[in-house]
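Protein chains: 2
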Amino acid sequence: MRLATIDNGTPDGRLVVIAPDGAHYAAAPVATMQQALEQWAEVEPALRAVTTFDQPLADVRLLAPLPRAWQWLDGSVYASHGALMDKVIGIDKAPVPWPLMYQGVSSKFYAPTEDVVMADEALGIDFEGEFGILTDTVPMGTGAADAPAHIKLVVQINDWSLRSLAGPEMKTGFGWVQAKPPCSMAPFAVTPDELGEAWADCQPNMHLTVHWNGAQFGKAHGKAMGHGFDALVAHAARTRELVAGTVIGSGTVSNENYREVGSSCIAERRGIEIVDSGAPVTEFMRYGDSVRMEAVTADGRTPFGAIDQQVVRP
Amino acid sequence: MRLATIDNGTPDGRLVVIAPDGAHYAAAPVATMQQALEQWAEVEPALRAVTTFDQPLADVRLLAPLPRAWQWLDGSVYASHGALMDKVIGIDKAPVPWPLMYQGVSSKFYAPTEDVVMADEALGIDFEGEFGILTDTVPMGTGAADAPAHIKLVVQINDWSLRSLAGPEMKTGFGWVQAKPPCSMAPFAVTPDELGEAWADCQPNMHLTVHWNGAQFGKAHGKAMGHGFDALVAHAARTRELVAGTVIGSGTVSNENYREVGSSCIAERRGIEIVDSGAPVTEFMRYGDSVRMEAVTADGRTPFGAIDQQVVRP
Numbered sequence: 020m021r022l023a024t025i026d027n028g029t030p031d032g033r034l035v036v037i038a039p040d041g042a043h044y045a046a047a048p049v050a051t052m053q054q055a056l057e058q059w060a061e062v063e064p065a066l067r068a069v070t071t072f073d074q075p076l077a078d079v080r081l082l083a084p085l086p087r088a089w090q091w092l093d094g095s096v097y098a099s100h101g102a103l104m105d106k107v108i109g110i111d112k113a114p115v116p117w118p119l120m121y122q123g124v125s126s127k128f129y130a131p132t133e134d135v136v137m138a139d140e141a142l143g144i145d146f147e148g149e150f151g152i153l154t155d156t157v158p159m160g161t162g163a164a165d166a167p168a169h170i171k172l173v174v175q176i177n178d179w180s181l182r183s184l185a186g187p188e189m190k191t192g193f194g195w196v197q198a199k200p201p202c203s204m205a206p207f208a209v210t211p212d213e214l215g216e217a218w219a220d221c222q223p224n225m226h227l228t229v230h231w232n233g234a235q236f237g238k239a240h241g242k243a244m245g246h247g248f249d250a251l252v253a254h255a256a257r258t259r260e261l262v263a264g265t266v267i268g269s270g271t272v273s274n275e276n277y278r279e280v281g282s283s284c285i286a287e288r289r290g291i292e293i294v295d296s297g298a299p300v301t302e303f304m305r306y307g308d309s310v311r312m313e314a315v316t317a318d319g320r321t322p323f324g325a326i327d328q329q330v331v332r333p
Numbered sequence: 020m021r022l023a024t025i026d027n028g029t030p031d032g033r034l035v036v037i038a039p040d041g042a043h044y045a046a047a048p049v050a051t052m053q054q055a056l057e058q059w060a061e062v063e064p065a066l067r068a069v070t071t072f073d074q075p076l077a078d079v080r081l082l083a084p085l086p087r088a089w090q091w092l093d094g095s096v097y098a099s100h101g102a103l104m105d106k107v108i109g110i111d112k113a114p115v116p117w118p119l120m121y122q123g124v125s126s127k128f129y130a131p132t133e134d135v136v137m138a139d140e141a142l143g144i145d146f147e148g149e150f151g152i153l154t155d156t157v158p159m160g161t162g163a164a165d166a167p168a169h170i171k172l173v174v175q176i177n178d179w180s181l182r183s184l185a186g187p188e189m190k191t192g193f194g195w196v197q198a199k200p201p202c203s204m205a206p207f208a209v210t211p212d213e214l215g216e217a218w219a220d221c222q223p224n225m226h227l228t229v230h231w232n233g234a235q236f237g238k239a240h241g242k243a244m245g246h247g248f249d250a251l252v253a254h255a256a257r258t259r260e261l262v263a264g265t266v267i268g269s270g271t272v273s274n275e276n277y278r279e280v281g282s283s284c285i286a287e288r289r290g291i292e293i294v295d296s297g298a299p300v301t302e303f304m305r306y307g308d309s310v311r312m313e314a315v316t317a318d319g320r321t322p323f324g325a326i327d328q329q330v331v332r333p
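Protein chains in written order, with the working numbering: chain Z, 20 to 333; chain G, 20 to 333.
Hints listed in this document are in silico derivations from the structure and should not be mistaken for laboratory results.
Since the list gives no way to pick one copy over another, a pair counts as held whenever it fits inside one copy or between any two copies.
Derived lysine-lysine pairs resembling DSS-like cross-links, with alpha carbons at most 30 Å apart:
1) 106 - 190
2) 190 - 112
3) 106 - 242
4) 238 - 112
Same shape as in the complex, but just chain Z:
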């Protein structure tokens, strides 16, 4: 089952169920994604019972599947990304056995094709292609074994980053505020069962293609997480109940063979350049630049649709 949210002029939009053809939809029996996640056990059967899809998607504007959330927690569990980022930032931090995670702004997720307003071109504008999950209510203390039952939907995310602010904020130990403006989501949220073999061990078992200004920049594979989403949920829920509609991200998708598959963010390529030649060469994004991200399964499906956005001045 795939769900989306159409723009009806309200902050939370209108929840719809997507047809198998990916081109039509039907109104969901509950108004918003947030409401669906709050009462998932009751709502899911009614959502799955929708089988008539007579509205063309071409006629509507899609928002993020969850246009705003009460909580956004982003992991960083692709080891090759972490190692390269430490080089870029010039930080030498001790490895930890738990999944790295920060709390980010959740009051807005950009729609898949919405222009992204960045405060200043000089701040090192970068994309970060990643996967994410949406939970129902997760009781405090839920362990990794019980966590998969709370992973209701899988999403695809662009975690926008401002690199010239990221290093200085990180060095304070307080995490990122200015360096992390709102993220974007691809249009469709997908149940794990719908992904089939493209979801394995609570990880996305598929590639994430990233195009910057039309040129392929990366095609890393998702199933290289050092901790699966089950561990991420358990980490987040150790000392707090997770509110229904919590979004948890994987962090930038990255593979050890990054020279072959490319990267899902510019900073990582700059890290490779530092390793190779001592200094970064690739510049960050400029106003007017575009980025397109689309996950592709082994059998050629694109379950989440595409993020395709342009960076614009305020």
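Starting from the known structure of chain Z, fit chain G onto it as the hints suggest.
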């Protein structure tokens, strides 16, 4: 003007206006605090026009004035707190010219007298007495000069902390997730004009009394912020629009003469003990312990009411 939220069984409660006597209320002309902050310009005159207060507060249960928020950003701008915490954590971080700030869990703020469920007594349960503000929508790029107009209400907060997790999380650079469970708020949110001389230079010009298990633990003065709330708003809004209902905190209230006035958190006292004798002596909170926090103005008013809570096991 003082506002509060009464428990009506819904997550956002029912907004009320508090009588000058602090013992009665009237229903507000808008249902929730979140709605009021989203349309403050239109709603404020109607709120101020309420003059008949015939409902006794004793008959209702008060929630946090904003029981859940789309965004919670907590500063740390009392210099003596920062210096002592670095000693406690064993961190030697370079000073920065901007206000330190992290993003925390905003999906729940505990009611002023609600029991606080902590996952594990061994995690170093601590309180942090502080002040906070609630904003309307703040455009991205709003500077400190324009920020005061967006500070609609002042609140009093207990930022619950788990100290044994705080240091390790801080050292990753990602900030705190597990170390920062939900905060609590005192019952009344107060407009800056109502505070009068107890609000000066965008800082709380009053003491914060803290009692732990009935014994006074601290009475630090609020007007010692290294950056006022105007600077905190501007810092938060540099690269993002702040959603209406954003909560921004001051960080733990602390004064340079901490040996005379005491502390607003246990960790700080432990820092003083480390300075004085090389090792901490005071233990953290136990299940069943209580903490009471109440701001007191120079003329003896307690504008926010009191936080008075007990820590309990899950």
